[in-house]
Every structure is written in structure tokens, then in C-alpha cells.
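Keeping their order, the protein sequence lines are chains A and B. As numbered in this note's numbering, residues 43 to 117 make up the first sequence, in order. As numbered in this note's numbering, residues 3 to 224 make up the second sequence, in order.
Source of the hints: derived by calculation from the structure; they are not laboratory data. Treat the hints loosely; a few may be bogus.
[Said to hold, decoys possible] In silico BS3-like pairs for lysine-lysine, Cα to Cα no more than 25 Å straight-line: (1) A:K51 <-> B:K126; (2) A:K70 <-> B:K15; (3) A:K70 <-> B:K9.
[Said to hold, decoys possible] So these bits of chain B aren't anywhere near chain A, every CB distance computed over 12 Å: (4) Q57; (5) E58; (6) R87; (7) R207; (8) H216.
We put the CB at the ideal spot given by N, CA and C, even for glycine.
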Amino acid sequence: MVIGCPSGKCKRIDGNVRAAKRVAWVQKLLDEIGLGGKRLIYASGDETDAVITLLLKDLAGLGPNPVDKGAAKAK
Amino acid sequence: MIVAKQKPIAEIKEMLRPYPKVLILGCGTCVKTCFAGGEDEAATLGAVLRLAFGQEGKSIKTEELTVERQCEDAFIQEAAQAVGRNQAVLSLACGAGVQAMARRFGKAVILPGVNTTFMGVLEKPGLFTEECSGCGDCELDTFGGICPVTRCSKRLMNGPCGGSKNGKCEISPDTDCAWQLIIDHMTALGQLEDLKRYIPAKDWRPSLSGGPRHLIREDHVI
Numbered sequence: 043m044v045i046g047c048p049s050g051k052c053k054r055i056d057g058n059v060r061a062a063k064r065v066a067w068v069q070k071l072l073d074e075i076g077l078g079g080k081r082l083i084y085a086s087g088d089e090t091d092a093v094i095t096l097l098l099k100d101l102a103g104l105g106p107n108p109v110d111k112g113a114a115k116a117k
Numbered sequence: 003m004i005v006a007k008q009k010p011i012a013e014i015k016e017m018l019r020p021y022p023k024v025l026i027l028g029c030g031t032c033v034k035t036c037f038a039g040g041e042d043e044a045a046t047l048g049a050v051l052r053l054a055f056g057q058e059g060k061s062i063k064t065e066e067l068t069v070e071r072q073c074e075d076a077f078i079q080e081a082a083q084a085v086g087r088n089q090a091v092l093s094l095a096c097g098a099g100v101q102a103m104a105r106r107f108g109k110a111v112i113l114p115g116v117n118t119t120f121m122g123v124l125e126k127p128g129l130f131t132e133e134c135s136g137c138g139d140c141e142l143d144t145f146g147g148i149c150p151v152t153r154c155s156k157r158l159m160n161g162p163c164g165g166s167k168n169g170k171c172e173i174s175p176d177t178d179c180a181w182q183l184i185i186d187h188m189t190a191l192g193q194l195e196d197l198k199r200y201i202p203a204k205d206w207r208p209s210l211s212g213g214p215r216h217l218i219r220e221d222h223v224i
């Protein structure tokens, strides 16, 4: 999970907007290789603790890293 | 600049499948500017490929390096040792850079990591637009600095065609009508009358239509 500053409160003006876009870009890459873009999420600093906890729970629900599984298979 | 776009990961992966040790060679000029093949893209691609092959239980060793320009021998020489210690090179340069690498390192496998797309400019952050076709006979002086060869969908030298609407080309509402731009600009310059001159059919021989081109500067030949 990548957490950016709350909307409109970036010291660099639009750094948090850029961060969200870059995360979306990496999500596409992860989808493209079959790893699943859902394994990376962006959350704004505006989100409440409850939302962050829920997002983390979603992440945990995705299970183990399939790359580790592949590496184990190779051994 | 030369604008390029990274190839799909699946295509790159298939190209690299026979080579477990690969040099990902970035180019630090045009393709870096258009976010296709600079240091950052080489590093990202290395990580993505390791993950992608890792999922299959296969390992790939990647080394990442970026030289200033792959289209010049003086710069690609810097990559010689790295080329030697890898089984293949994934070049993130434009087609000219890939070929310069293949010419310089005759015994190395050089593979293209990007699709070279066009010569263009950064119009605004994140948007690159095609501006020049390299036709070999520039006539931008006639058209107020706007190229109908590249930017008019019909390549009309005596436009407009009549198909534009609200300044947009009939092929797409996202495409500016080059002739609208030309007329607007010539009007602003007070030179609209100049467009009444008939422009003869373009001679395409200096373009790629005349075969592969080369340029000799005798004063630099040794």
C-alpha cells in the first residue's frame, strides 16, 4: 500500500496526484504479467483508519505471493 | 525527439525466453524523455521481467545500464563490457539505436524493447504528438511552421479538404485540422494571401520512398 498526502495538501502541489497515477501505471504492469494489480494499492491520506484497515484486509485476502510459489517450484 | 513506446511485456518475455542473462540497455536521450527507455524504465523493466519469469518458476538475471545515446558509436562503447557478460541485450533505444548496437557488437544478440513511433514533441505533460515525417524536403516556411505532410491526415499540400468541423479533422474529433491551424497562423502573421499560391505535387524522392537515405558531410569525412 502506498499512502499519499491528503488531497490538496502536497508540499510539491501535485505530488500526491502523480503518485496515484504512477501506482495505477504499476498496477497495469502487474496485471500484464499476471501478478495482479490488486496487490498494490494507493490510498489518500484523507482516508479514515477504518478504510485503511479494510484495504489492508483486502490485500491480505489475496494470499501468498505467486512469485514465491514459482521460486519454490523451481527448487 | 524520437518518440517510442515500450513493447508489451508478453512480447518482450517471449523474445528473452532463450536468454537467462540479459542486459537491459537504456538510451538517455529521446526515449528517456518520452518515458520509454531511460534509466527508470530500464530498472522497472528489469524488476517486472524478474517477477514475470519468477511466476513461472524460471529465473532471469538482468543487468541494467543506460548510455547517453545508442545511435552513436562513441557512447555505445561504454556498454561493451556489459554486453560481453550477458547472453542478449534488450535495447530500449529507437530503431536507429538498436541497429547501431547490432552493427557495433556483431556477435551479440540485440533485441528491440520498444516500438519506435514517430518524430514529435512534448505538447503538454504526458502528451507526445507527431510533428515531422522526415520527408527530406522541408516546406514549413510556406505553411506558417505547421507541417501538412505530417499533421494533415490526407497530406494535402493545397488544403483544406472541406471535411473538418470546428477545427477538428474528420478522421477523429481528437485530431486538429492541420489546415485550420495553418490558416489561423498565417492569418495571425498577416500572410494569408500567400496561401493562394498553388503548391505543386510533392516530390517524394527525398523521402523514404526513394529508398534508404544517407547524408554525407564531406567536411567531416576523414
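Hints, verified against the model:
Between the alpha carbons of K51 (chain A) and K126 (chain B) the distance comes to roughly 24 Å, so the proposed pair stays at or under 25 Å and holds. Under the criterion of a C-alpha separation no larger than 25 Å, the hint pairing K70 (chain A) with K15 (chain B) is consistent with the structure, at around 16 Å. Of the supplied pair hints, the one linking K70 (chain A) and K9 (chain B) holds, its CA atoms being roughly 14 Å apart against a limit of 25 Å. Chain A draws Q57 (chain B) into its interface by the beta-carbon criterion, the shortest separation being 5 Å against a cut-off of 12 Å.
Non-interface call for E58 (chain B) relative to chain A: violated, since the shortest CB-CB distance, roughly 6 Å, does not exceed 12 Å. The beta carbon of R87 (chain B) sits about 23 Å from the closest Cβ of chain A, which is more than 12 Å, so the claim that it is off the interface holds. Interface exclusion of R207 (chain B) from chain A stands, the closest Cβ pair being 43 Å apart, more than 12 Å. Distance to chain A confirms H216 (chain B) as a non-interface residue, since its nearest Cβ pair spans about 39 Å, more than 12 Å.
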